[in-house]
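Asks: As a plain string of letters, each chain reads:
There are 2 protein chains.
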Amino acid sequence: MNFLEHLQSIQKKQQSLLCVGLDTDPSLLPLHLGSTPQSVLQFNKEIIAATHDLVCAYKMNLAFYEALGKNGWDVLHETMAMVPSGIVTIGDGKRADIGNTSEQYARALFRDLNFGAITANPYMGADSIEPFLREEGRGVFVLALTSNPGSKDFQRLKVGSAPLYKKVVQTAKKWNTRKNIGLVVGATHPRELKEIRSMVPEMPILIPGIGKQGGDLRQSIKYGCDKEGLSALINVGRSVLYASKAEDFAAAARSEALRINNEINNYRGTI
Amino acid sequence: MNFLEHLQSIQKKQQSLLCVGLDTDPSLLPLHLGSTPQSVLQFNKEIIAATHDLVCAYKMNLAFYEALGKNGWDVLHETMAMVPSGIVTIGDGKRADIGNTSEQYARALFRDLNFGAITANPYMGADSIEPFLREEGRGVFVLALTSNPGSKDFQRLKVGSAPLYKKVVQTAKKWNTRKNIGLVVGATHPRELKEIRSMVPEMPILIPGIGKQGGDLRQSIKYGCDKEGLSALINVGRSVLYASKAEDFAAAARSEALRINNEINNYRGTI
Chain A
1 MNFLEHLQSI
11 QKKQQSLLCV
21 GLDTDPSLLP
31 LHLGSTPQSV
41 LQFNKEIIAA
51 THDLVCAYKM
61 NLAFYEALGK
71 NGWDVLHETM
81 AMVPSGIVTI
91 GDGKRADIGN
101 TSEQYARALF
111 RDLNFGAITA
121 NPYMGADSIE
131 PFLREEGRGV
141 FVLALTSNPG
151 SKDFQRLKVG
161 SAPLYKKVVQ
171 TAKKWNTRKN
181 IGLVVGATHP
191 RELKEIRSMV
201 PEMPILIPGI
211 GKQGGDLRQS
221 IKYGCDKEGL
231 SALINVGRSV
241 LYASKAEDFA
251 AAARSEALRI
261 NNEINNYRGT
271 I
Chain B
1 MNFLEHLQSI
11 QKKQQSLLCV
21 GLDTDPSLLP
31 LHLGSTPQSV
41 LQFNKEIIAA
51 THDLVCAYKM
61 NLAFYEALGK
71 NGWDVLHETM
81 AMVPSGIVTI
91 GDGKRADIGN
101 TSEQYARALF
111 RDLNFGAITA
121 NPYMGADSIE
131 PFLREEGRGV
141 FVLALTSNPG
151 SKDFQRLKVG
161 SAPLYKKVVQ
171 TAKKWNTRKN
181 IGLVVGATHP
191 RELKEIRSMV
201 PEMPILIPGI
211 GKQGGDLRQS
221 IKYGCDKEGL
231 SALINVGRSV
241 LYASKAEDFA
251 AAARSEALRI
261 NNEINNYRGT
271 I
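Chains as they are written, first to last, in the working numbering: chain A, 1 to 271; chain B, 1 to 271.
These are computed hints drawn from the structure, not numbers from a lab. Only true hints are included.
Going by beta-carbon spacing under 10 Å, a handful of chain A positions derived as facing chain B: (1) Ala63; (2) Gly72; (3) Gly99; (4) Gly125; (5) Ala126; (6) Thr146; (7) Lys152; (8) Phe154; (9) Leu164; (10) Gly186.
Some chain A residues flagged as far from chain B (calculated, every beta-carbon gap over 12 Å): (11) Gln8; (12) Gln15; (13) Pro30; (14) His32; (15) Thr36; (16) Ser39; (17) Ala50; (18) Thr177; (19) Lys179; (20) Pro201; (21) Asp216; (22) Leu217; (23) Gln219; (24) Ala246; (25) Asn262.
Heads up, the beta-carbon is just placed ideally off N, CA and C, and yes, glycines get one too.
Work out the full structure, taking the sequences as your base and the hints as a guide.
Replies: Structural data, given as structure tokens:
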């Protein structure tokens with residue numbers, strides 16, 4: 001099964017486009033857990049236990065685990081082991097390097113950590129992405145138009161008559177012979193999300209930027225889904241993880257995930 | 001002291017523009033060392049002991065350490081501890097993410113691992129780079145025109161009348177208020193290296209792609225150095241690391257590093 005099929009299948013089974021971003025910051029944990037690498041692991045375990053029936057994916061931003069120091073990789077391994085089989089796991093590291101180096105990243109992320117998908121930065125071109133594409137069952141989300149203010153600095157520059165991010169979208173579409181490439185498009189750019197979806201009717205789109213960054217959920221669903229109301233992944237991080245800083249944090253995270261997922265499914269019903 | 005001053009000072013002191021790339025691949029080690037993470041550490045220690053008086057910098061490509069799995073971060077820590085103080089250490093991860101995530105990368109690379117410099121990918125713009133720039137003493141090498149074939153896919157696209165990589169150079173120059181930004185320009189593009197050096201007479205340029213990738217050493221020195229014959233870093237990896245696969249590997253690595261450094265210094269003398 002290629003990644004596109006796998007993603008759509010789990011989205012249907014779970015009735016969910018929700019991706020919870022496990023970008024766990026030890027300084028933001030409930031006080032009773034402490035703020036050690038072990039606290040992060042405990043927190044992740046309880047969040048996963050409380051939300052796994054409500055999501056299609058978990059996205060781990062690698063920066064937050066690297067920032068834990070030597071123990072970070074262990075915490076990531078043990079967190080991965082908690083995710084039920086079938087749920088997509090996204091190693092969000094925005095990596096890419098010359099071909100023989102991207103092979104090493106692919107080994108780390110796909111072999112050692114067993115991520116089902118990753119994110120990759122397109123700046124270094126085809127041979128920097130190709131080593132991630134060799135298994136059709138594992139996905140690669142290529143950065144197109146990111147959610148942050150700096151997305152205007154280069155991504156929106158005009159290349160000929162169209163902005164650079166559209167060139168990235170067109171190129172990623174050409175690379176997608178195994179149906180395992182997706183795109184990253186920030187929820188903070190709804191108009192461009194609509195344009196991009198029309199360019200790639202069949203590719204998964206990972207949509208961060210809901211919540212604290214100000215992206216709009218309704219528009220993200222309306223413009224981000226494919227014709228069957230699938231293939232968009234709505235990433236939500238802080239509003240779920242830190243819904244409560246008290247001992248009820250996992251139950252509060254579940255309530256918030258449920259609320260968002262219901263909202264998503266309501267919007268999907270009215271596309 | 002800002003990063004530019006620090007780099008120039010160590011280049012003068014060591015009489016060297018050579019950066020040895022410790023991108024250690026366990027499958028390429030001398031047979032008697034084995035191919036475990038511990039073998040990589042032993043190898044790195046011997047290479048550093050044999051070459052540290054001949055280099056201005058060591059560059060560790062993070063992919064090779066991540067590919068070692070859970071032990072990779074430990075090997076990296078212990079390798080870092082072997083590098084004599086004053087020698088620049090470059091954490092080559094080509095990272096960058098939204099601002100609050102780049103802060104986590106900065107914590108991992110500058111606080112936890114104590115790298116003196118890193119490499120960063122410009123695609124996500126100003127706020128993805130800014131968290132790395134806060135300490136003037138630590139350097140950030142922004143990818144401009146990379147050494148690999150894929151550099152043509154986006155970096156050479158025309159933005160108005162000039163290619164994207166020049167826009168990156170101009171923008172990085174604007175960001176460089178603390179004199180701690182450098183650029184990455186592949187040795188495989190000598191003509192463009194010359195143009196870029198004329199655009200940034202004072203910025204460090206990290207030049208990979210000599211050796212296996214086919215870049216020319218003489219042109220890299222001629223076009224990459226500043227007016228004083230400094231500020232270029234010539235990265236050499238495989239030809240030094242794997243100069244011999246026998247028990248004399250460290251001595252062979254030293255001979256090769258010495259040969260390259262002499263060649264570099266000869267070319268510097270004739271600029």
